[in-house]
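A.B. asks: Protein chains in written order, with this note's numbering: chain A, 2 to 314; chain B, 133 to 305.
Hints listed in this document are in silico derivations from the structure and should not be mistaken for laboratory results.
Since the structure is predicted, the reported quantities are computational estimates derived from the model, not experimental observations.
You may find that some hints are simply not true.
Among the chain B residues that face chain A by a calculated CB cut under 8 Å, a handful are [to be verified]: (1) C161; (2) W164; (3) V169; (4) P174; (5) P198; (6) G208; (7) V212; (8) E216; (9) I218; (10) P263; (11) F269; (12) G270; (13) W288; (14) L291.
Yeah, the Cβ is synthetic: ideal placement off N, Cα and C, and Gly gets one too.
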Amino acid sequence: MKEELFVSGRDIPNIDPYLNIWHWQIPLYLFLGGLAAGILFFAGYYTILRKEKEMEATVKWAPFLAPFALVLGLFALFLDLKHKLYFWQLYTTVRFTSPMSWGAWTLMLITPISFIWAASYIKEVFPKWDWKFDVLNRFEAYIIKNRKGIAWIMMILAVILGVYTGILLSAFNARPLWNTSILGPLFLVSGLSTGLAAIMLMSKSKYERKVVSRLDLIMIAVELFLIIHLFMGFLAASEVQVEAAALFLGGDFTAVFWIFVIFLGLVFPAVLEVLELRGYHIPVWIPAVLILIGGLVFRFVMVEAGQITRFLY
Amino acid sequence: MAIDTTKCVGCGDCVVACQTENNVPHGYCRDWIVENVAGTYPNVEIELRSERCNHCDNAPCVRCCPTGASHIVEGGIVMVTHEECIGCGACIESCPYDARYSHPEGYVDKCTFCKHRIDNGQLPACVEVCPTKCLYFGDLDDPNSDVSKALQNRKWKVLAPEAGTKPQLYFLT
């Protein structure tokens, strides 16, 4: 039987013929948020383990990237808003059912903490740094004394931030590609992996690089495992989700997803890391940069493809 | 609201009436017509539907709204408070019916069932102008309302019930 649908009377910008409300700002933010979550998580983790000496880049240097990533991400989010002057309405209410509200509040907490964390190490980067005001000096001393407590808060917030970047999408039951609870852990693990890649780029210690690259291998393995489960879930679900999976299994997003995300973003860097651990000399920036690019492309692909999947028409 | 698909001729009067009544900006619309053509010529069947926001009981747009701008008012109509909307687009992404759009002024806009008219005891503009009287509007909890009577002895369907939103537009088939 042949069946055709004609929709007349509507041709709304950014909605017809297919939804395109979210542009580059959202995937860029999801990437930067995940990156910051990854960096701050491991900074907190190794501080709690009291490994500041061995894991210098993880605990001290990489966290300098986090405030920049978060501010840039927040700016991208702000650019995405269409009713910009009303953005403060986000902070007049807490809405437990809305992941975006959770995210807004998490960012409100973790962004200042990321600044404080970086500031508490600034004297180790610039030994001549002077805070000028006595209050700031006392505040710095207080922070340094309570670093472990802050590390705990930072780690928990980083997990919420990482999961939220995925839950943000999976809460939309109208978009079959996004509507899977695997997206939360998947985006968290991907964020942790990009965070580790950034640490790898900044680390000068051989021991630290080895630890980080082992951790990263675990993250990549978990990510691949989750992606396989994502597709298994889709292929065993309702028609709309089978169609969503088809976008990646022969459809428009097949090439970009399998080449840039899976191969160049996960499998190839993992192979390079294994070779490196086996003693072959491989420049560390190659797998690190590939992982970062893979993470960014992954988010662009998910946001774009998700908006194409739908229930009607 | 109930829509009699066997009476609808797809004239688009409801679309124009809505645009005029609600000052919908040029190029946008809150309701639209879907022609569902099935079969192969000469055995063709056509179903015409006047569609709009489904004012879902379990509205995902209300659930996803981070500021509470999207809300359900007494009686079940889903409304957007423009001054609370930040234009993040979460509700647009969450709607399986694509019933919402981003107004050029920034906030998100959609069908209100012409609440301003209902409050004055009038019918929504689309219902008022329909030349074939295929739209029925009223309180679904009141067995004597136009919409309840229209649904009583007829077969009906809702769109994309599998999306789980409990839509409140009933299409008589």
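A.B. asks: Would the stated hint for F269 of chain B survive a check requiring a Cβ distance to chain A of less than 8 Å?
C.D. replies: This interface hint is violated because 19 Å lies over the 8 Å limit.
A.B. asks: With 8 Å as the cut and Cβ atoms as the points, is V169 of chain B at the interface with chain A?
C.D. replies: Nearest chain A Cβ about 5 Å off; hint holds.
A.B. asks: Interface hint check: E216 of chain B, Cβ to nearest Cβ on chain A, cutoff 8 Å. Holds or violated?
C.D. replies: holds, 5 Å
A.B. asks: Going by Cβ atoms only, is P198 of chain B closer than 8 Å to chain A?
C.D. replies: Nearest chain A Cβ about 4 Å off; hint holds.
A.B. asks: Per the CB criterion, is C161 of chain B less than 8 Å away from chain A?
C.D. replies: Status holds, d = 5 Å.
A.B. asks: Would the hint on P174 of chain B be counted as holding, given a Cβ-Cβ threshold of 8 Å to chain A?
C.D. replies: violated, 13 Å
A.B. asks: Against chain A, is I218 of chain B within 8 Å by beta-carbon distance?
C.D. replies: The hint holds - I218 of chain B has a Cβ within 8 Å of chain A, the shortest such distance being about 5 Å.
A.B. asks: Hint validation: L291 of chain B versus chain A, beta carbon distance must be below 8 Å. Holds or violated?
C.D. replies: holds, 6 Å
A.B. asks: Given a cut of 8 Å on the nearest C-beta pair, is the interface hint for G270 of chain B held or broken against chain A?
C.D. replies: Since chain A brings no Cβ nearer than about 24 Å to G270 of chain B, farther than 8 Å, the hint is violated.
A.B. asks: Do the numbers back the hint for P263 of chain B, that is, is its least Cβ distance to chain A under 8 Å?
C.D. replies: At 15 Å from the nearest chain A Cβ, P263 of chain B fails the 8 Å test, so the hint is violated.
A.B. asks: Classify the hint on V212 of chain B as holds or violated, based on whether any CB of chain A lies nearer than 8 Å to its CB.
C.D. replies: At 11 Å from the nearest chain A Cβ, V212 of chain B fails the 8 Å test, so the hint is violated.
A.B. asks: Does W164 of chain B meet its interface restraint, that is, does its C-beta lie within less than 8 Å of any C-beta in chain A?
C.D. replies: With a closest approach of 4 Å, the W164 of chain B hint holds.
The structure fails hints 4, 6, 7, 10, 11, 12, 13 (numbered hints given earlier, in ascending order).
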